[in-house]
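K.L.:
Please take these sequences and the hints and turn them into a complete structure.
Taken in sequence, the protein lines are chains A and B. Its first residue numbered 1, the first sequence is counted upward by one per residue in my numbering. Its first residue numbered 1, the second sequence is counted upward by one per residue in my numbering.
Mixed in with the good hints there might be a few duds.
With a Cα cut of at most 20 Å, we get these calculated SDA-like pairs of lysine to any residue [what the hints assert, rightly or not]:
(1) Lys413/B with Phe64/A
(2) Lys413/B with Phe36/A
(3) Lys111/A with Ile395/B
(4) Lys188/B with Asp160/B
(5) Lys357/B with Ala388/B
(6) Lys62/A with Gly301/B
(7) Lys111/A with Ser300/B
Hints listed in this document are in silico derivations from the structure and should not be mistaken for laboratory results.
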Amino acid sequence: MRAAGIDIGSRTVKLAVIDGGELALSRKALTLYDPFETARGLVDGVEYDVVTATGYGRHLVKDFLGCPAISEIKAFALGARAILPRCRVILDIGGQDTKAISLAETGELNKFEMNDKCAAGTGRFLEVMAAALGYTLDEFSAAALSAGRVEKINNMCTVFAESEVISLTARGAARHEVALGIHKAVASRSVALLMRVSPPQEVFFAGGAALNECMRELIGREFGAPVFVPADPQLVGAFGAALHAAKAGLGHVRDKVSGLRGGA
Amino acid sequence: MSDYTQMWSDLGLDLKGHDALLSILGGAYRDIFHSQKDRPEGMKYFDFVMSEVHGLRIKELMDAKAQGRKVIGSYCVFVPEELILAVEGVSVGLCAGAEFNFEAAETVLPRNLCPLIKSAFGFKQGRVCPYVEASDVVVGENTCDGKKKAYEVLAPMVKDLYVIDLPQMKSDAGKDLLRAEYRKFMKKLEDVSGRKITVAGLKSAIETTNAKRSAVKRLADLRKSDPAPISGLDALLVNQIFFYDDPVRFTVSVNALCDELEGRVRDGKGAFPKKTTRVLMSGCPMAVPNWKVPMIVETSGAVIVGEESCVGERGTQWLTEIKGDAVEELLEAITDRYFKIDCAVFTPNPSRLDHVKEMYKKYRARGVIHYSLQFCSPYTVESGPVEADLETSGIPVLRLETDYSQEDAGQIKTRVEAFLERIEAR
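P.N.:
Next comes the structure, spelled out in structure tokens:
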């Protein structure tokens, strides 16, 4: 049986298909302005028997597919445990949400915290700040890592922080030191969420921001614990959703899948 | 529905803004309340009250005023309704539950202020709340810093603003202050109404208020059953209407609803199927039409079985004991009753936590959703220790902090669903 998981995030849509518990296929696309269309394009031509949706757009495709939907928190818990069975703490820094999740020894959801409603301290915040400094995302992390000292960023609101960055650079602050300041601000905020759900212990770092080396280093240092990053940190939610679909088994029938391909 | 245009116009309402408000309110009400399945028949009365909340009820207020009775508007459960009724006044809660005209509110208030306060100003400045326009006295109270200072700004906008001071600690001195303040308020009411508070009048006022509270307590008690005979949204609505409706008619209607619900309980019928996940709400008040979070919860596969809130048990669980044969003795009983309210403006506030635990057990809830309004310092600060204590006691807690806007509905839904997944897996 091929089981699919689709994670409709605010910035990217991710698809994972598993076969016999192993990842058989993965796809990603930018969400853009029409998450439904993006999701539809992503599953086009993909073979699977069952599917589960997650991510903020889960209810959008759930109704159309008649498939189950689970929260991102549950999807991450399932995905992370399958990748790292000893995992007890998960940090996901996604496009618009940052989530800290703690699991019981048996893998059940223990406690979770999320950032407040704005994009402060999320992946989107990092993107906007990199752009404000004229960096690509890769350059942004590398520049921050190269900084010997840090320019402190006080504002966590994306809008205010951007103007703070502009005024810092206008005052002649070194760009890479500002970059480090931004990374530190996001890391501190994420670690504050982590501390609310668990004392320091190995953290499973997922979401797009886990691709950022500087973030990985700062999270580990500030949380005071090792950081585990899976091979494809953006895919953890979709993978978890696929595991859910496989477990739910016959929760969904094949013919509805063609409906998704066919056009609404 | 009758045409109330003349009445609204006489009250000085902005008719265009008011029409817009009613149309939004009506639409939201239909979407949220009428879409529910298996509603009790008895909710028809409350649907009617809501449909006439700015119509027939205001007409009643105007008729009462024409007979020389005074309309006393307030924003808090510390304002003693017994005293208002004892001077034959009409007690009404004032509008503060919707994001309306915040642009105007923000011209006189900071942006980073709790939505309940901003809403009260939005309604007042937009001239769309007939209750505040019909009020002969608007009663403020020194609860949180936000409200306390906002009343200074509100004073020149209303006909007669009267502020009750409140203690912050449950000490003897605190109680002396409350008693003295209620005595002063009694005098104020006697002055505006031209009526003297008598023992018989006050006793009868206490009886009326107690009957109203007993009716909602009876309703609360019925929610212990599984399946829950009434949705959390409908029960919240009854608790919201508690502040607006004629107390005697309201009591009769709630008791009629309870008669029906008793039948449902006997027959094992519910608003949701048996074994639906049960949650308790605790925290800030939800004034009409603040239905956002309950709607999200009850459309995510759970049922709300209780509200530890001012619009809920914090406001209604205690009755006033009728004891003594002097006004002063009755005033003491009223002070005793209100001094028990465990609002987060008190420090420390341990009885609130006890009450949350008691309700959790009594209503057989499986988790607690702690609801705070954004920028409400008392409840947001208290939410930390409350959560820690409940979790330590094995009670799962989801802490939400939100305002009256709809923009975070998606994120709240994600949290609520994940919380339900968490408690259902236990």
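K.L.:
Hint by hint, say whether it matches the structure.
P.N.:
Evaluated hints:
1. With a C-alpha separation of about 19 Å, the suggested pairing of Lys413/B with Phe64/A holds against the 20 Å cut-off.
2. The hinted pair formed by Lys413/B and Phe36/A meets the criterion: a straight-line CA distance of about 19 Å does not exceed 20 Å.
3. Straight-line distance between C-alpha atoms of Lys111/A and Ile395/B comes to about 12 Å, which keeps the hinted pair within the 20 Å bound.
4. For the hint pairing Lys188/B with Asp160/B, the CA-to-CA distance comes to about 11 Å; that is within 20 Å, so the pair holds.
5. Taken as a hint, the Lys357/B and Ala388/B pair is honoured in the structure, with Cα atoms around 13 Å apart against an allowance of 20 Å.
6. Pair hint Lys62/A plus Gly301/B holds up; C-alpha atoms about 15 Å apart against a cutoff of 20 Å.
7. Restraint check: the Cα-Cα separation between Lys111/A and Ser300/B comes to about 19 Å, which is no more than 20 Å; the hinted pair holds.
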